[in-house]
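*Asks:* Required output: the full structure, derived from the provided sequences and hints.
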Amino acid sequence: MNRAEKIEEIRESYLKKERKILKPILQLLKKLKIGPDGLSYSAAITTALFFISVIFGYFSIATILILIYVLLDKLDGALARYLEEDSQSGILTDFITNITSTLLITLSFEVLGLISWVHVVLFVYLYAIIYGFRLVKERTNKTITFWIVGLRTLLVVGYLTILVTNINLIDELFVILIITLISAIIYYFIRFKINLTKTTKFLKKPFQSIIIQVKKPNELETKKELIKKITPRNLLLSPIYTAICHSDVRYYEGDNPPEKLKGKYPLIMFHEGIAKIKEVGKGILSYEKGQKVVVIPNIPCYVHDKRKYSKRKYACECCRNESIGENYCTDVRFMSSNSPGINRTIFEHPTECVVPIPKGVSDKSALMTELLTVNYRAIQEAKIGNKDKIAIIGSGPTGYLMAVLISKYLKIPKQRILITNITDQKLKLSKTIAKTVNTKNGLSLEFENKYDVVFECVGGANTETTIEQAIKLVRPKGTIVLLGVANKKIPINTRQVLDKGIKLIGTSRSGIQDYKDIMVILKNKKLQKYVEKIIYKTEYDGTKITEMKLALSKAKDRNVYGKILIKYD
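The sequence shown begins at 3 in the working numbering and counts up by one.
Derived from the structure by calculation, the hints contain no laboratory data. Among the hints, a few may not be true.
As the list claims (entries may be wrong) - Below 30 Å or equal to it, Euclidean Cα-Cα: the simulated DSS-like pairs (lysine-lysine) are:
(1) Lys18 with Lys76
(2) Lys416 with Lys442
(3) Lys361 with Lys278
(4) Lys294 with Lys262
(5) Lys262 with Lys207
(6) Lys505 with Lys416
(7) Lys474 with Lys518
(8) Lys278 with Lys203
(9) Lys264 with Lys310
(10) Lys22 with Lys389
(11) Lys528 with Lys518
Claimed, not checked - Across the chosen pairs, the derived CB separations fall in these ranges:
(12) Lys518 with Thr332: 19 to 25 Å
(13) Glu319 with Asp365: 34 to 40 Å
(14) Lys430 with Ile27: 48 to 54 Å
(15) Ile47 with Glu324: 27 to 33 Å
(16) Ile27 with Glu549: 51 to 57 Å
(17) Lys361 with Lys546: 28 to 34 Å
(18) Glu549 with Lys413: 50 to 56 Å
(19) Leu263 with Val72: 38 to 44 Å
(20) Lys19 with Val251: 40 to 46 Å
(21) Ala130 with Glu534: 51 to 57 Å
(22) Pro268 with Lys413: 43 to 49 Å
(23) Leu506 with Glu319: 41 to 47 Å
(24) Lys35 with Glu534: 44 to 50 Å
Using N, Cα and C, we set each Cβ at its ideal position, and we do this for glycine too.
*Replies:* So, in structure tokens, the structure goes:
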């Protein structure tokens, strides 16, 4: 694991614990409509009161105020991350209030005669420079962030130590600290060659991308594109593998409603993939060249249009509201749909929409991440209980991987999982993790009204039949989750839905957090082995049209079982 990965892993672990501990407080602040800026101003006011208390010798009150400041400062950052607000005005407010607070706390040491005016000026000046570095790097350099936290902590701990022990070593510590800070500034200046503006990065050597796109239904063409620059905070990616989804086949054949196909062609296909980073844009230190990542195809509004959606709170309702989610973003850009897909040898992609592949997770397991996240999101929506019985209609890639997650992630025993299909061949893989039933001749009465949650994972022309089966399988007051896509209107027997009090849930796509969760789940080696069983044995060359056509025909063939892979690297 490289340095960037280690820092990111530590940070993600820390932020996850922080979110869990502080979530009730953050939810309350959100409900009260108190934003990060409000907490920043409150922290600055608290340090002003602290300074006044020190002047008048009210050290008990000063101690309480400094602890309140620490809490407010902590909540400020946590709330900004919780609300996902990172606007320029918010950053500036944070900068001003932090420098003000630091100045007031440092001045209190001078009032007590612990340090000189020279030390106050030097410390605050150097603190401001390092904090400025952090802003210039757009908070991506976690090492600089640690410096900021460390400096503030030193001030608070120094004050409390003197108060408790009455030992004054602060003057000497400040001299050592200032020398260290100057050294750090020189180091960062040399290493990062300070760039005070967000500018496009022009590549020393342009990359040529070979693209195979759908010119019109059933017709592929090759074109070349020269990539000379990269946008700030974006990555240049070179795909390693991509997998074919049935939605790709529908776009290739033009088998979608006319209104959905309008303006789609030429179309670059594929949205399930992993890639290697070829180049990083300016302002990125959490990723590096050569690193492998999973590509997230769902690019929400607040990522692809930062001018229109400058703050998360200005994003669409779905992205703002956690109970809905960015997978339902009303202004989304989704790869291979209304945005170019992965089928290019080099392409640019936002940093927010990739996740690093952890050590120990194979390329082919990581390739299944997109489909796993869709299933994972559906599982979260279903709210499966510990004793629930689960039925899965369809044992294709979606249904099979759903069974894998339910069996190996949720640890639900085989006897409480049912998976169905109309061909025995497609049920073989599932026999070790679920009870399998061939429903070609219909559904046996013995299975009716037995299952708490039913996942419909078929879609297409058979959707009417599979929804009817789901209604029969589910218990009264049970839940049916629909994952299969049908392009035509499907009649549903609402009488039975009402009589049984069934909850019908539709779910589509997934969010960034789902990818991060699946990366953790995939570290389980046994689960990886089950995931990779669904992959078809033959790989196809992503740079040749003849290979691409063959791969698409295999993906369409109902007699071919498994996920079809395209290889680039």
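*Asks:* Decide, hint by hint, whether the structure agrees.
*Replies:* We went through each hint and held it up to the structure:
no.: 1; hint: Lys18 with Lys76; verdict: 14 Å, holds
no.: 2; hint: Lys416 with Lys442; verdict: 22 Å, holds
no.: 3; hint: Lys361 with Lys278; verdict: 14 Å, holds
no.: 4; hint: Lys294 with Lys262; verdict: 33 Å, violated
no.: 5; hint: Lys262 with Lys207; verdict: 39 Å, violated
no.: 6; hint: Lys505 with Lys416; verdict: 24 Å, holds
no.: 7; hint: Lys474 with Lys518; verdict: 35 Å, violated
no.: 8; hint: Lys278 with Lys203; verdict: 19 Å, holds
no.: 9; hint: Lys264 with Lys310; verdict: 25 Å, holds
no.: 10; hint: Lys22 with Lys389; verdict: 26 Å, holds
no.: 11; hint: Lys528 with Lys518; verdict: 19 Å, holds
no.: 12; hint: Lys518 with Thr332: 19 to 25 Å; verdict: 23 Å, holds
no.: 13; hint: Glu319 with Asp365: 34 to 40 Å; verdict: 37 Å, holds
no.: 14; hint: Lys430 with Ile27: 48 to 54 Å; verdict: 51 Å, holds
no.: 15; hint: Ile47 with Glu324: 27 to 33 Å; verdict: 30 Å, holds
no.: 16; hint: Ile27 with Glu549: 51 to 57 Å; verdict: 55 Å, holds
no.: 17; hint: Lys361 with Lys546: 28 to 34 Å; verdict: 32 Å, holds
no.: 18; hint: Glu549 with Lys413: 50 to 56 Å; verdict: 40 Å, violated
no.: 19; hint: Leu263 with Val72: 38 to 44 Å; verdict: 57 Å, violated
no.: 20; hint: Lys19 with Val251: 40 to 46 Å; verdict: 43 Å, holds
no.: 21; hint: Ala130 with Glu534: 51 to 57 Å; verdict: 52 Å, holds
no.: 22; hint: Pro268 with Lys413: 43 to 49 Å; verdict: 46 Å, holds
no.: 23; hint: Leu506 with Glu319: 41 to 47 Å; verdict: 22 Å, violated
no.: 24; hint: Lys35 with Glu534: 44 to 50 Å; verdict: 48 Å, holds
Taken one by one, the earlier hints fail for this structure at numbers 4, 5, 7, 18, 19, 23, listed in ascending order.
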